[in-house]
Amino acid sequence: MEAREFRAGVRDWIDEVGEPLVPAIEDQSVEAQLNHQRRVQRLLFDAGWMRWGWPTRIGGLGGSPILRAVLGEELTSRALVHTTSWSMHEVLGPAAAEFGRPDLVEDIFPLLLRGEEFWCQGFSEPDAGSDLGSMRTTARPRSDGWVINGEKLWTSWAHHATRCIVLARTGGPGSRGISAFLIDMDTPGVTASPLETMAGVDEFCSTSFVDVEVPAERLLGELDAGWRVAQFILSCERGPIFWQRGAWLAHHLGLLLDTAGDGASSALGEAYQLLWAFRATSKSTQDRIAAGDLPGPEASVDKIMIAAADQAVFDVARDLLRGDMETDDTARSRAWRREWAYSRAATIYGGTSEIQKDIVASRLLGLPRSA
Amino acid sequence: MTEAHTIDAAERVLMAATLRGLAEELDGTELAQALDAFGFADLLAEAPRDAVSTLFTALGRAGSMSTSLQDVLLQPLAEYLPMATECNVALPGIGADQVGATEGEPLAVRGLVIGARPAPTYLAPVVIRGEPAWIGLQESSGISTRRVNGLDPALAMTEITGADVTADVIVAGKPAVAAWDAVATAGRLALGYQILGAVGQMIDLAVDHARSRVQFGRPIGSFQAVRNRLADAHVAREGAAAALASAWDADDAFLAGLLAKSLAGRAARIAATQCQQVLAGIGFTAEHPFHLFLARALVLDSVLGSATELPTAIGAHLISAGTIPRLVDL
Numbered sequence: 001m002e003a004r005e006f007r008a009g010v011r012d013w014i015d016e017v018g019e020p021l022v023p024a025i026e027d028q029s030v031e032a033q034l035n036h037q038r039r040v041q042r043l044l045f046d047a048g049w050m051r052w053g054w055p056t057r058i059g060g061l062g063g064s065p066i067l068r069a070v071l072g073e074e075l076t077s078r079a080l081v082h083t084t085s086w087s088m089h090e091v092l093g094p095a096a097a098e099f100g101r102p103d104l105v106e107d108i109f110p111l112l113l114r115g116e117e118f119w120c121q122g123f124s125e126p127d128a129g130s131d132l133g134s135m136r137t138t139a140r141p142r143s144d145g146w147v148i149n150g151e152k153l154w155t156s157w158a159h160h161a162t163r164c165i166v167l168a169r170t171g172g173p174g175s176r177g178i179s180a181f182l183i184d185m186d187t188p189g190v191t192a193s194p195l196e197t198m199a200g201v202d203e204f205c206s207t208s209f210v211d212v213e214v215p216a217e218r219l220l221g222e223l224d225a226g227w228r229v230a231q232f233i234l235s236c237e238r239g240p241i242f243w244q245r246g247a248w249l250a251h252h253l254g255l256l257l258d259t260a261g262d263g264a265s266s267a268l269g270e271a272y273q274l275l276w277a278f279r280a281t282s283k284s285t286q287d288r289i290a291a292g293d294l295p296g297p298e299a300s301v302d303k304i305m306i307a308a309a310d311q312a313v314f315d316v317a318r319d320l321l322r323g324d325m326e327t328d329d330t331a332r333s334r335a336w337r338r339e340w341a342y343s344r345a346a347t348i349y350g351g352t353s354e355i356q357k358d359i360v361a362s363r364l365l366g367l368p369r370s371a
Numbered sequence: 001m002t003e004a005h006t007i008d009a010a011e012r013v014l015m016a017a018t019l020r021g022l023a024e025e026l027d028g029t030e031l032a033q034a035l036d037a038f039g040f041a042d043l044l045a046e047a048p049r050d051a052v053s054t055l056f057t058a059l060g061r062a063g064s065m066s067t068s069l070q071d072v073l074l075q076p077l078a079e080y081l082p083m084a085t086e087c088n089v090a091l092p093g094i095g096a097d098q099v100g101a102t103e104g105e106p107l108a109v110r111g112l113v114i115g116a117r118p119a120p121t122y123l124a125p126v127v128i129r130g131e132p133a134w135i136g137l138q139e140s141s142g143i144s145t146r147r148v149n150g151l152d153p154a155l156a157m158t159e160i161t162g163a164d165v166t167a168d169v170i171v172a173g174k175p176a177v178a179a180w181d182a183v184a185t186a187g188r189l190a191l192g193y194q195i196l197g198a199v200g201q202m203i204d205l206a207v208d209h210a211r212s213r214v215q216f217g218r219p220i221g222s223f224q225a226v227r228n229r230l231a232d233a234h235v236a237r238e239g240a241a242a243a244l245a246s247a248w249d250a251d252d253a254f255l256a257g258l259l260a261k262s263l264a265g266r267a268a269r270i271a272a273t274q275c276q277q278v279l280a281g282i283g284f285t286a287e288h289p290f291h292l293f294l295a296r297a298l299v300l301d302s303v304l305g306s307a308t309e310l311p312t313a314i315g316a317h318l319i320s321a322g323t324i325p326r327l328v329d330l
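Residue numbers (my numbering), protein chains in the order written: chain A, 1 to 371; chain B, 1 to 330.
Check the hints yourself; a few may be wrong.
[What the hints assert, rightly or not] Listed next, the in silico EDC-like pairs over lysine to aspartate or glutamate satisfying Cα-Cα at most 20 Å (straight line): (1) A:Lys283 x B:Asp329; (2) B:Lys174 x B:Asp97; (3) A:Lys283 x A:Glu2; (4) A:Lys283 x A:Glu298; (5) A:Lys283 x B:Asp251; (6) A:Lys283 x A:Glu26; (7) A:Lys283 x A:Asp293; (8) B:Lys174 x B:Glu131; (9) A:Lys283 x A:Glu125; (10) A:Lys283 x B:Glu79; (11) B:Lys174 x B:Asp42; (12) A:Lys283 x B:Asp252.
[Stated by the list, open to error] Not everything, but these chain B residues come out facing chain A in the computed CB check (under 8 Å): (13) Ala242; (14) Gln276; (15) Pro311; (16) Ile319.
Calculated from the structure, these hints are not laboratory results. On a predicted model such as this, the values are computed, not experimentally measured, just so you know. We put the CB at the ideal spot given by N, CA and C, even for glycine.
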């Protein structure tokens, strides 16, 4: 299916289904957000739209990953789903499809697409953020499997997740001794504790693993090759996820046009031009992914750009909605506050802007590595 | 703006190499003659995107200038002005929207001609009693011309001024507005590419310096403060380059031109600041070529709307349209 035809089909379908796709604004809890997404995903799966862009062997209908970017864009540009939770299957799905045991993936992947399962990502640790290679969670071999011990941080949606992709140390120090595992969250020894953010959302968790037994077939990819899985996952974040987040930002900028007087033209124009620079850049990345290339260091540019656009858009919002932003407690203002607060993390999550700039400096500009 | 003719990959490579070579070796009149012999005007008519992106990037990289900007500016006027080919287009003076405006008599003008041809007539966009118009100006109209040295003497701009000129109106009203939009858009894209060529040169000079200059026993390019500055310049350049490339296919060509030029100017300012800081003392000297590219990029940033002026125009455009155009689609 071509992107144009797919987009037209999705738009017609959204118009046809109507009301059930629109989230209630009053309850802004993570639980309500995820419950709504579950319903939307189920409807999309049954109508087929959710399955396009994924391989047929795992329950998809085939076609280019561009189709997934288009679907995300059509949903987030109408705020029918929230862009952060809509990223979940895009972050972890491709890695499971690429590195998981085929029989396992065949069984569980359709559940992810249908919204019956949510997955989370166990990468960061209290002492391993930007320096992911220094992580300490361990996986020790035991009879026909592994025993995992450690603590993961910033595991978004962990308390609502069915499974988690966990990086754990199986070999020596550094990035070479790490393996990736797909772990069921209901395994004894797994505990997810929500951390409330300044956005007032308990999306993040601290997740601990105490003597968690994992069967051998839950290893993703080769032993000690978890770094490749991690790199693959981080690359995937630069794909459809970025495209739909850009659409989410454009939607929010659009909501501000009614309140914007002439005095706001400049700030609005600045935010829009940053968003457009990102979008024009990201289009090439989406095209490369569709051609089968994994985004390389040049996608660090995309990450720096979207983070800058993200913060610019919500800085304009804070300016234009001043008063409401600080003192109003209606659902609308609470939603704006939450989005503004979330945008503060745009330069942090998924690899900080400083790390991205370092990659740009070394890999794209050829500057010598820091001593 | 769509391609009238698509040239194939081999032709494109050959054309790019030729134009780059000419822009590097020649400047001014000699370059203009060589480009005429090459058939730049035909290329511009047949494949505007390839012609403009290649030549103007090369001009920015080489620090040279030719009359080709006049070819680009006159092209959209050809359909309104049959006699346009033997003229120059005068752009509004820096900071101005038009070359002149009057509520009656007299009409005062101030315009800037970049890459002037040896032709005595200047076409200028003005506003007469609230109505946009293009007028023809020559010495007999009461204008004087001045060769501009300014911040970038090598650019050899001409300023035309007149306190009370005789306006020879060529086209007025809606067609004049459409002509101005098209001329401004074509000029913004060409200058955007030229700015980015200069930006690329500034970044290359600073990167070379950061790799070879050793302080505290290590190349300065290994210090994160230096690396971050150059990464910022690179990211700004990439965003502007993508915006320029997408502008040719955008539904709203005028808005896309504003965006591309604004982002190119923004990249110029970021690269000028960051690269000069990395080059430090040597980049401040006249013997190092850096200042030539800095001056070229910053002067061109100010022409047809600067990176501080254009965002306001873009924002106003969005507010009056009431929507956020997607501009780029998958």
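A quick look at each hint next to the structure:
1. A:Lys283 x B:Asp329: Distance of about 8 Å is within 20 Å: holds.
2. B:Lys174 x B:Asp97: holds (17 Å)
3. A:Lys283 x A:Glu2: OK: A:Lys283 and A:Glu2 at ~16 Å, within 20 Å.
4. A:Lys283 x A:Glu298: holds (13 Å)
5. A:Lys283 x B:Asp251: holds (16 Å)
6. A:Lys283 x A:Glu26: violated (35 Å)
7. A:Lys283 x A:Asp293: Distance ~14 Å between A:Lys283 and A:Asp293 Cα, so the pair holds.
8. B:Lys174 x B:Glu131: holds (9 Å)
9. A:Lys283 x A:Glu125: Violated, at about 33 Å.
10. A:Lys283 x B:Glu79: Since the Cα atoms of A:Lys283 and B:Glu79 sit roughly 34 Å apart, the hinted pair is violated (cutoff 20 Å).
11. B:Lys174 x B:Asp42: violated (28 Å)
12. A:Lys283 x B:Asp252: Holds. A:Lys283 to B:Asp252 sits at ~18 Å (cutoff 20 Å).
13. Ala242: holds (4 Å)
14. Gln276: Interface hint status for B:Gln276: violated (16 Å vs cutoff 8 Å).
15. Pro311: holds (3 Å)
16. Ile319: holds (5 Å)
Violated hints, in rising order: 6, 9, 10, 11 and 14; the structure is consistent with all others.
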